Amino acid sequence: MDFRRAGTTDEIVSILAEVGPDATLLAGGTDVMVQYLRGEIAPKLLVHIEQVDELAGVDEADGRVDIGALTTHLTLSEDPVIRRTVPGLAEAASQVGGHQTQAVGTVGGNLCNASPAADTAPPLLVADAELRLRSAAGTRTVPLDRFFLGRRHTARRPDEVLTSIAVRPLPSHAGETYLKVGRRGAMEVAIVGLAARLVLDDDGDVVTDARLAVCSMAPRPLRLPDAERLLVGSRGEPEAVAAAADAVQETTEPIDDARARAAYRRRLVPRLLAEAVRLCMRRARGEEESWS
Amino acid sequence: MELSLTVNGQPAVVDVPPGTTLLEVLRDELGLTGTKEVCDEGECGACTVIVDGRPLDACIYAAHAADRAEVLTVEGLAAGDELTDLQRAFVEAGSVQCGFCTPGFLVMATHLLETAAELSEEQVRRGLAGNLCRCTGYAQIVDAVLAVGRGA
Ligand SMILES: Cc1cc2nc3c(=O)[nH]c(=O)nc-3n(C[C@H](O)[C@H](O)[C@H](O)COP(=O)(O)OP(=O)(O)OC[C@H]3O[C@@H](n4cnc5c(N)ncnc54)[C@H](O)[C@@H]3O)c2cc1C
Ligand code: FES
Ligand code: FES
Numbered sequence: 037m038d039f040r041r042a043g044t045t046d047e048i049v050s051i052l053a054e055v056g057p058d059a060t061l062l063a064g065g066t067d068v069m070v071q072y073l074r075g076e077i078a079p080k081l082l083v084h085i086e087q088v089d090e091l092a093g094v095d096e097a098d099g100r101v102d103i104g105a106l107t108t109h110l111t112l113s114e115d116p117v118i119r120r121t122v123p124g125l126a127e128a129a130s131q132v133g134g135h136q137t138q139a140v141g142t143v144g145g146n147l148c149n150a151s152p153a154a155d156t157a158p159p160l161l162v163a164d165a166e167l168r169l170r171s172a173a174g175t176r177t178v179p180l181d182r183f184f185l186g187r188r189h190t191a192r193r194p195d196e197v198l199t200s201i202a203v204r205p206l207p208s209h210a211g212e213t214y215l216k217v218g219r220r221g222a223m224e225v226a227i228v229g230l231a232a233r234l235v236l237d238d239d240g241d242v243v244t245d246a247r248l249a250v251c252s253m254a255p256r257p258l259r260l261p262d263a264e265r266l267l268v269g270s271r272g273e274p275e276a277v278a279a280a281a282d283a284v285q286e287t288t289e290p291i292d293d294a295r296a297r298a299a300y301r302r303r304l305v306p307r308l309l310a311e312a313v314r315l316c317m318r319r320a321r322g323e324e325e326s327w328s
Numbered sequence: 012m013e014l015s016l017t018v019n020g021q022p023a024v025v026d027v028p029p030g031t032t033l034l035e036v037l038r039d040e041l042g043l044t045g046t047k048e049v050c051d052e053g054e055c056g057a058c059t060v061i062v063d064g065r066p067l068d069a070c071i072y073a074a075h076a077a078d079r080a081e082v083l084t085v086e087g088l089a090a091g092d093e094l095t096d097l098q099r100a101f102v103e104a105g106s107v108q109c110g111f112c113t114p115g116f117l118v119m120a121t122h123l124l125e126t127a128a129e130l131s132e133e134q135v136r137r138g139l140a141g142n143l144c145r146c147t148g149y150a151q152i153v154d155a156v157l158a159v160g161r162g163a
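First to last, the protein sequences are chains A and B.
Each number in our numbering comes from the position in the first sequence (counting from 1) with 36 added on.
Each number in our numbering comes from the position in the second sequence (counting from 1) with 11 added on.
Read the hints as simulated data drawn from the structure, not as lab findings.
Take these hints with a grain of salt, some might be off.
Unchecked claim - Here are the simulated distance ranges between beta carbons:
1) A:G43 x B:G42: 26 to 36 angstroms
2) A:R193 x B:Q108: 43 to 53 angstroms
3) B:E132 x A:G240: 31 to 41 angstroms
What the hints assert, rightly or not - Listed next, the stretches of chain B that the computed footprint assigns to chain A, with coverage defined by at least 3 CB atoms under 8 angstroms from CB atoms of chain A:
4) 28–42
5) 50–62
6) 65–77
7) 131–143
Remember, predicted model here, so these are calculated numbers, not experimental data.
Each residue gets a CB set at the ideal place from its N, CA and C atoms; glycine is no exception.
With the hints as extra help, turn the sequences into a complete structure.
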């Protein structure tokens, strides 16, 4: 195996153009190195991109927020722009592994690794995230809900680097949250992760727009359009939430694994959804801080 | 493949194959065995070191990613025989039993104390969530960090 360090995005792009699928990009390495040491991957070349500063950081302009692919979970959980405009993402990032993982693990690595349990995926899905992928041929934009194709399988072509993620900030009269269930409070892969973003009418009464997404409930993180439709027009009453939870059961296909049985994952959904709706509505009405 | 780094203020040059971890370089090439190897998967924090100001698990960090970096290990905390306040607090609070987790906790907690103005118990527990201890039950470790964090 070879090792190269890229100092700029242009350099990454030209290495990928030259080497293509034999190259594996190394950001924080918290997925790559574990997979390499376990023998699950055998790259010919590691391209260290962690020090390409232009790919890190958060930028707010013209009603969009841009998140550099190399932005770490620690930055996401602390950044004031993220906490105000995509609070569910800050909440999710603060629950990725421990401090050591958050300090080096990046949002781009989390998405490109495409684990079914990727914690940043649900909150980014409810924020209509769009990914910018760059290659020698140019830049294209892919909506996140078309990026995940399956477990560890994405729409990224081998010659592309993810440069940034554009998200739609939380509008007014809206609240969002990310709820994660693991076997213990911290340092745990999600058994189920649920992100919700609800927009209420001016009176703070009726749900006018609803976004829901889950991880660990299918081979890839998913938006839940059927359940969303059942919440729009409701006041978050138990019947509407129960109907939405039923719709989630129909769209998802959880698996049995060492962490939890599919039946247990399914059983968590109604309660998680009820809690998410309650929190989003309280946050939308300003009755509760978005993030603690 | 050669790489150079500064460890606890001392420059070092080593020649190891790509894919070698920073932990292997510290322990096997540089003889700095204070940093412990336990799970080798980033789960337990026993191998925590600071690289360019960031605490990370050296067992899953590529050595060549630390080329030209400044690394701080547990050996770099005390000044000779003079323990840091945190190290003394660990001794006083009974935070060490078998001691295998201690270097990782010390490095991680030193970083927390250096980067936060004040630490609540909740912040200490959250900051140390990536460090496992099989012996103490954590209370004594949290107490030691809080004792220093509150300037006690
Ligand atoms: C102890 C531990 C606990 C963890 N806990 C969690 C958890 O709770 N939740 C969770 O979701 N994850 C968790 N993870 C997984 C991992 O930390 C995250 O997925 C992290 O965000 C990966 O980022 P990275 O920068 O380390 O990625 P890397 O390992 O560097 O890369 C991951 C993949 O993405 C590719 N890649 C990286 N950056 C780019 C880019 N800019 N463009 C194109 N491809 C790119 C790499 O080639 C590789 O295939 C954990 C890992 C460990 C070791
Ligand atoms: S040995 Fe590195 S985290 Fe356990
Ligand atoms: S003192 Fe034994 S593992 Fe912590």
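Going down the list of hints, with the structure as the test:
Taking the beta carbon of each, A:G43 and B:G42 are about 32 angstroms apart, inside 26 to 36 angstroms as hinted. A hinted range of 43 to 53 angstroms for the beta carbons of A:R193 and B:Q108 is consistent with their spacing of about 52 angstroms. In this structure, B:E132 and A:G240 meet the distance hint of 31 to 41 angstroms, their C-beta atoms being roughly 35 angstroms apart. Counting residues of the region 28–42 of chain B whose C-beta lies closer than 8 angstroms to any C-beta of chain A gives 4; at least three are required, and the coverage claim holds.
Counting residues of the region 50–62 of chain B whose CB lies closer than 8 angstroms to any CB of chain A gives 6, which reaches the minimum of 3, so the coverage claim holds. Coverage of the region 65–77 of chain B by chain A holds [criterion: at least 3 residues with CB-CB distance below 8 angstroms; count 9]. Using a Cβ-Cβ cut-off of 8 angstroms, 6 residues of the region 131–143 of chain B lie near chain A, which meets the minimum of three, so the contact claim holds.
When the structure is compared with the earlier hints, no violation turns up for any of them.
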